[in-house]
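These protein sequences, in sequence, are chains G and B. According to my numbering, the stretch in the first sequence is residues 1 to 287, in order. According to my numbering, the stretch in the second sequence is residues 288 to 454, in order.
Derived from the structure by calculation, the hints contain no laboratory data. Careful, some of the hints might be misleading.
Chain G is faced by these chain B residues, among others (derived, beta-carbon under 8 Å) [to be verified]:
| # | residue |
| --- | --- |
| 1 | G303 |
| 2 | M349 |
| 3 | G370 |
| 4 | P445 |
Here are some chain G residues the structure puts well away from chain B; computed CB gaps all over 12 Å [unchecked claim]:
| # | residue |
| --- | --- |
| 5 | E9 |
| 6 | A12 |
| 7 | I65 |
Backbone N, C-alpha and C define an ideal beta-carbon position, used for all residues, glycine too.
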Amino acid sequence: MRGYIPSYELRAPASLPSALALLEQEPGSWQPFAGGTDLMVLLEAGKLAHRHFLSLTKLPELRGIEVAPEAVTLGAMTTYTEIQRHPLLQAEFPLLCAAARETGSVATQNRGTLGGNIVNASPAADSPPALLVYDAELELLSARGTRRLPYRGFHTGYKQMLLVPGELVGRIRLPRRSAPWRQYYRKVGTRKAQAISKACFAGAARMEGGAIRDVRIALGSVAPIVVRAVKTEEALRGAKLTPETIAAANEALAKEISPIDDIRSTARYRLRVAQNLLEEFLQQLAQ
Amino acid sequence: MGEPVHKIGIACTVNGELRRFRAYPMARLLDVLREELHLTGTKEGCGEGECGACAVLMNGAMVTSCLVPAAEADGAEIRTIEGIATGGQLHAVQEAFLECGGAQCGICTPGMVIAALTLLERCSHPNDAEIREGLAGNLCRCTGYQKIFVAVVRACQPAGEGQPSIP
Numbered sequence: 001m002r003g004y005i006p007s008y009e010l011r012a013p014a015s016l017p018s019a020l021a022l023l024e025q026e027p028g029s030w031q032p033f034a035g036g037t038d039l040m041v042l043l044e045a046g047k048l049a050h051r052h053f054l055s056l057t058k059l060p061e062l063r064g065i066e067v068a069p070e071a072v073t074l075g076a077m078t079t080y081t082e083i084q085r086h087p088l089l090q091a092e093f094p095l096l097c098a099a100a101r102e103t104g105s106v107a108t109q110n111r112g113t114l115g116g117n118i119v120n121a122s123p124a125a126d127s128p129p130a131l132l133v134y135d136a137e138l139e140l141l142s143a144r145g146t147r148r149l150p151y152r153g154f155h156t157g158y159k160q161m162l163l164v165p166g167e168l169v170g171r172i173r174l175p176r177r178s179a180p181w182r183q184y185y186r187k188v189g190t191r192k193a194q195a196i197s198k199a200c201f202a203g204a205a206r207m208e209g210g211a212i213r214d215v216r217i218a219l220g221s222v223a224p225i226v227v228r229a230v231k232t233e234e235a236l237r238g239a240k241l242t243p244e245t246i247a248a249a250n251e252a253l254a255k256e257i258s259p260i261d262d263i264r265s266t267a268r269y270r271l272r273v274a275q276n277l278l279e280e281f282l283q284q285l286a287q
Numbered sequence: 288m289g290e291p292v293h294k295i296g297i298a299c300t301v302n303g304e305l306r307r308f309r310a311y312p313m314a315r316l317l318d319v320l321r322e323e324l325h326l327t328g329t330k331e332g333c334g335e336g337e338c339g340a341c342a343v344l345m346n347g348a349m350v351t352s353c354l355v356p357a358a359e360a361d362g363a364e365i366r367t368i369e370g371i372a373t374g375g376q377l378h379a380v381q382e383a384f385l386e387c388g389g390a391q392c393g394i395c396t397p398g399m400v401i402a403a404l405t406l407l408e409r410c411s412h413p414n415d416a417e418i419r420e421g422l423a424g425n426l427c428r429c430t431g432y433q434k435i436f437v438a439v440v441r442a443c444q445p446a447g448e449g450q451p452s453i454p
């Protein structure tokens, strides 16, 4: 049953300092509200426990995609539609664009934001695997100042993260890579549109003389948080793409993910799909 | 439960007309459109952003109005299905839905029309895959997808051409 609407507050400060001041005033009492595509669903289900929300819609500091020689920086309120239409992101960060295209529907992509996807902290979120592959960094803002930290490690457990009361995710920084990387993204859900993933895979590799010089692999929906598959990467780094390499990588992957049975899928299916996606990624590298 | 908050004043342009009303900040735009502004063309399907029945245009972009809090509509420009025809003249997309039988029970139709308009605005001659993708966020509980698809194909054709066949 829907939550009791009159008990929910939603304020939209017109400036970043006033938003941060409100967050600081009563730490923990106000929670940020980005595109609302997850929170409004909880409200409808009567599961939105928090009552005081701070709409980030009117804060221009949290918008826009800034391109510099070293990195591309996205405001946390950048929508999925803005991401997939950006020419430089399409060229250099195709995994993020693919994730944006595959998240919900067009209407969801018009409202849903990258920052919201991170802070909602779902292990089934579609953009975090891409962020892990790209070694993204987060800029966290509060009335006390700004701090930067790698996105990897930001989520510490199911729905847990290194965001302290009073803090907002302000910007997401993606370092640009000079050498070309081969990239692969695939999400597997019940249907192609609208579905939340059963498993989702993002990978990138730099090839040299038929061997994998460097590689990044991350998966969603196969652990309590979106995971970077470092042991699988280790099994691949420096190796030629032989059947033995692929078998070793598949074995490493099985050891470092921990899929579960839930409403969307089963642990067994997820493991199998994750390994199939890894294999498809590696086969594409071999071509 | 928490202390009840107060209704707030909201001003937004709806179908070209400035409207002022009071609503709870987290009231759904869908309910405000239907109950405060009596624009009942926008339908409720799932209530969780999965079916597209409540789609409207907000500042030119399609949104599911069940997921938009009323407070965020303040200052926005909203277009609902009631604002698609101009001066009693149906939009070409609406004509095509009529002609091709692109509506059965009618619940999904307003959202389907909004989705089709959104697609054609960005891409005037979409291919089959683009049409399917453009409509992918809208569910038809009668499962009349094929005629809806044909209606969108029809809407892209110049007037006077024969009706497209079902692929």
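Subject >> Violations among the numbered hints, reported as their numbers in ascending order >> reply: Violated hints: 1, 3, 4, 5 and 6; rest satisfied.
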